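Visitor: As a plain string of letters, each chain reads:
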Amino acid sequence: MDSDKIGVFICHCGSNIAGVIDIKRVLNEIARAPNVFVMDHTYLCSKEGLNELKRKIAEEKLSKVVIAACSPRLHERLFRRAAEEAGLNPFLVEFVNIREQCSWPHMYSPTAATNKAIALIKMGIEKARLLTPIQRRYARAKKRVLVIGGGVAGITAALSLASLGIEVYLVEKQPTLGGHMAMLDKLFPTLDCSICILAPLMSEVSEHPMIKVLTLSEVTSIKGRPGDFEVEILKRPRYVNEEKCVGCIEICSKTCPVEVPNEFDMGLRPRKAIYLPFPQAVPLLAVIDPDHCIGCRNCEDACERDAIDFNQTPERIRIHVGAIIVATGYETFDARLKSEYGYGRYPDVITSLELERLLSPSGPTRGRVVRLSNGKEPRRIVFIQCVGSRDESVGNPYCSRICCTASIKEAICIKERIPDAEVFILFQDIRTYGKGYEEFLLKAMRDFGIKIIRGRASSVTANENGDDLIVRAENTLTGEIMEINADLVVLSVGLVPPSDTEDLARMLGISQSSDGFLLERHPKLAPSETMIQGIYIAGTIQGPKDIQDTVAHSKSAALDAANFVLHEKIELDPYVPTYNPDLCKRCRLCEEACDWGALTFDKEKGVIINSSACLGCGACVAACPTGALDMPYFTNQQIIAQIHATLENKCEFPLIVAFLCNWCGYAAADFAGTTKIQYPTNIRPIRVMCTARVSPLMILEAFKAGADGVLVVGCHPQDCHYRTGFSKAERRISALKKYLENVGINPRRLKIASTSASEGERFANIVREFVEELKKLGPIGSELVMKSAG
Amino acid sequence: MAKKYAFFLGCIMPNRYPGVEASTRYLMTRYGIELLDMKGASCCPAPGVFGSFDLYTWIVIAARNLCIAESLGADIVTCCNGCYGSLQEANHLLKENKELREWVNEILKNIDKEFKGTIEVKHVIEVIEHDIGLNRIRSEIERDLSGLKVAAHYGCHFLKPREVRRHEHPERPTILDRIIETTNAISIDYRDKLMCCGAGGGVRAGSIDVSLDMTREKVQNMMRAGADCLTTPCVFCHLQFDRGQKEIEDRMGVKLGLPVVFITQLIMLALGASPHVLGLQYNIIPVRPLLRKIGL
Amino acid sequence: MSASEQVIQLEKTDPKFVEEIIEYGSKIFGREHMETITACFQCGTCSGSCPSGRRTAYRTRLVMRKALLGLKDEVLSSEELWYCTTCYTCYERCPRGVRTTDIIRVIRNIAAKSGRMKEQHKRVARLLIRFGHAVPITDEFKEIRKALGLSELPPTVHSYPEALDEVRKLIKIMKFDQMVGYQESG
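Protein chains in written order, with our numbering: chain A, 1 to 790; chain B, 1001 to 1296; chain C, 2001 to 2186.
Quick caveat, the hints were computed from the structure, so don't treat them as lab data.
All values reported here derive from a predicted model rather than from experimental measurement.
Ideal Cβ placement from N, Cα and C applies to all residues, glycine included.
A few of these clues could be false.
One-sided and incomplete, this derived list gives chain C residues near chain B with beta-carbon spacing under 8 Å [stated by the list, open to error]:
1) Tyr2083
2) Cys2087
3) Arg2105
4) Asn2109
5) Ala2112
With beta-carbon atoms standing in for the labels, derived distance ranges [said to hold, decoys possible]:
6) Leu442(A) with Arg2116(C): 46 to 54 Å
7) Asp1189(B) with Thr190(A): 38 to 46 Å
8) Leu2153(C) with His1276(B): 20 to 28 Å
9) Lys704(A) with Arg2031(C): 43 to 51 Å
10) Glu204(A) with Arg1178(B): 52 to 60 Å
11) Arg1178(B) with Pro200(A): 49 to 57 Å
12) Gly1032(B) with Thr675(A): 50 to 58 Å
13) Gly449(A) with His1130(B): 52 to 60 Å
14) Val2007(C) with Pro200(A): 55 to 63 Å
15) Arg2031(C) with Asp500(A): 34 to 42 Å
Full structure from sequences and hints, please.
Guide: Shown next as structure tokens:
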């Protein structure tokens, strides 16, 4: 609209932008554009900056606003709200990212960066001229939470939520709740019995009217959006009727001819194919292990209550939840990977978790500590610390935090049972940081005579029979090499993320930190939140923790989740396609393009859009050959205006128009900037929600207007925010490449690539390589010249 | 087509244990592997010895040896962990590091040579495993070694550093044990099986008593576990064990007497070769008890 | 003994020593490889793994520590420095990825350059220059070679004098002959 007046606000971000980009030149250049008001500010996001923005909107009667500052992924909401407060529709604001995607990745090329900033702002202005108001969309969250994992973290979170009147689904893979805590003997630093404090919580969960416990169950898919996740759970059959079984177990299991190692006892004692994992299991029900059951049906005959049911089949359960808490815990480090300690080869080298089972009164030895080689009581026991922790040779640089105090506790428990045993702990640094832990260490040394030696064990050797163990280490405080003849060696194994964490993270769309645990939104201020609203993490899945910290963390996750699902309104992306029936040719390609069933076809009315099912990817719009469908805020007209704006004054070669998807491509470009990875200035990014939004029309328009290359960067196919968006884009682009070849444009000028949100270096490489390739190809049109010359 | 290798002899094999050279040549010839002479090759030079004195001289001399194989157009095979250690590492470093390569080539110009990075360096163990194949050897065993207790000694530089060698994990290797068991002999377990023989790093030359004390410990561990002989794929370890046991007796008065057989000698014995052809009679520690055990 | 002898006096240390080590080895192994020395957290895995450490006063951990503290003279002049067999056990087991064995080799290079090379080692080095082999052939083994059907001399520098000249030429360029006290006449 000609009457529009566009306000352009350029932020210095202190020296983050202004230190690279020549703001004066930008202001001069932009001021020349018609119907534009332009100003700059040191910190536009400050309270004062926002007030200035609001004031100018009113004073200058601005009808559209362009914010040239940091990434919209950072402050989009903030500036939209400010515009709204000044009486503008919040979607009449366009963002130009001159920090993460301009000043930071081009720190050493200020002139080119300034040129690029000018071009980007002009693109923003031309898009802004075409913006139209959009209504905000809100939804209510389902007042129901899924908790994945039934250890102490999941149990705590479930109980906290239920006490606030929120319905909880607690999903556990194993046949019983309890997790690792149920396997421990006593707890530090109080030496209270683990199962004695856990079992009441387990029963409380199972009996709570607001909590539905699903054991033998796994989450297989998660769809939908924050506030309304559609979760599919696979519940494996127990082959035991839950109503009829009373958990008496003796009668059925006595008749079972199969014996396999009991996982709960770390394989130190056998169980039957029909079994109860441990006496306090919740639910207190027998379970048949289908991998080992031979189908003799002896148990069926034996059970007086007729509870055995071989006809049970796997069940798929679908639920809708408002929020999800991930509490899948940890696994212990596989000590076999430290071959120098002989675990798996020498029977008297055991892990700390195996020792816990030996110490437990309900364990395989009823609490007697014995050598596994001969069943005798050990006289000299050596603990080796940091097995699989603080060890880059096995890829685990982090400290597992609990092992020092756990070993001290186990050493005390041994001394209580075998007072004249000699117990050594070989440590690197004793980290007894918790409340009462240092005092606990003192007690171990003073009252129990436990010998702690500073030196990481280098090896455990044995003679040819695998016994007569010698632990070798340097006592680093005296500089002496020690060889300790040990009867029993305990490897204090570290904590590692469960092996399925990567799959789970992918399914949830959340990230892992470099140690493989799940990444919190902020390490200090948002430790239970993730980057995705409505998904929270509780306990050791975020990183190693003792039980105290796990409980605190789980309650914090529960509070975050409760806060979210009890919220009245959740703001959704407002991007839902518009439909012009007059342009529609009834081809129904849009219907095919939609993965969500949001488009239905009616003979009379044409396309009907179900906005609550629409995720706003724009794949249907790109598929529409007539322009009947369009995507607000990302309209065909707006994007084409951006393309023309940047190519009108082509200031460098090669010039690349880059379509970046909001979730990965754009995020990776931001990440490259944040980490100051440098790449050439030649790209002009255009943000789209999904690469599937990019239509052939736009690409061809870019080439026609003089782009030397077009780059499309989306998510890795398996990570696509819209499931198949990137794959659709790939198919479309490969078809388009053939067309380009036919019309005499080198198809190598069109490139599609994928990155994850954190692959800044990969993004930079994609740009570098493409720029190099285009340099070889020459400016757009050279191939046509060559052709005619040849 | 027959496989060809540039046979890097080094120092100890041709000049102290020619029996190892002869046995290796027999084994390779039997399986159609052609060994090309690396005319004019020198000492590798030893990685822990010359590498400890001057790494720059070390890599220049190693590069010259690599150039000889490059001109033959064949990968190198060697029977010494030291030679393997030097040449494989130098080859790796020169291939990876362009600046280093250019610097070395600048010096090699003086003798009209240039390192190009066109070949690989292999250990004889790799050739036995991949080019010959254990199944092939197993199917052709002629002499029964069953019941013979062999203490395997891998040596250090065959497996370590892992990031350069890229073989099995050095804390849990199996290849030498598998080769031994191919001959029907028993590869026994013993304490500190992966410990060093004590010879490397210039310790043998510079501190003979320290060096021999390690050898003593290792041989005693083998003998305690009931070994009839020890087998190694490294001719320097071989020397340290064979010659070293005599030196241990002379210097420390500890009599050991465990026969030392090189891995290619052990295989050739199992394939029916006469111990004399393999030069076992030239070992310092008599191999007679071992030969009696296998009925010779 | 005065009290001050029992104290590490920083002005007597060489804070640049660790940089000297890194710099020296970087050209061969790359800078990143050498810089791993700075990650050492003194756990003792290296010393405990060391076959020499079990029979001598050699402590790999202490070499790293002293190098990091700049105790240059103490590190370079210690007899123990030469007890490492380069078995790489510490290198493989180091939980911080310190490339110990290569760092030891570099420190030895610096010691050798500063004239602290053992006579026995110089002797071995001179054999290489004289014969091209650190372990040259003897008459006894010529006979054994013949008896086993091998050529009397191996087809190495022993059979090709011009090849030996090449080796010597390179060694002269590197000035290695001067370092080990080799003289043309023998």
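Visitor: Taking the hints in turn, state whether each one holds.
Guide: Results for each hint:
no., hint, verdict
1, Tyr2083, "holds (6 Å)"
2, Cys2087, "holds (4 Å)"
3, Arg2105, "holds (5 Å)"
4, Asn2109, "holds (6 Å)"
5, Ala2112, "holds (5 Å)"
6, Leu442(A) with Arg2116(C): 46 to 54 Å, "holds (47 Å)"
7, Asp1189(B) with Thr190(A): 38 to 46 Å, "holds (44 Å)"
8, Leu2153(C) with His1276(B): 20 to 28 Å, "holds (22 Å)"
9, Lys704(A) with Arg2031(C): 43 to 51 Å, "holds (49 Å)"
10, Glu204(A) with Arg1178(B): 52 to 60 Å, "holds (56 Å)"
11, Arg1178(B) with Pro200(A): 49 to 57 Å, "holds (55 Å)"
12, Gly1032(B) with Thr675(A): 50 to 58 Å, "holds (55 Å)"
13, Gly449(A) with His1130(B): 52 to 60 Å, "holds (56 Å)"
14, Val2007(C) with Pro200(A): 55 to 63 Å, "holds (60 Å)"
15, Arg2031(C) with Asp500(A): 34 to 42 Å, "holds (39 Å)"
In summary, the structure agrees with every hint in the numbered list given earlier.
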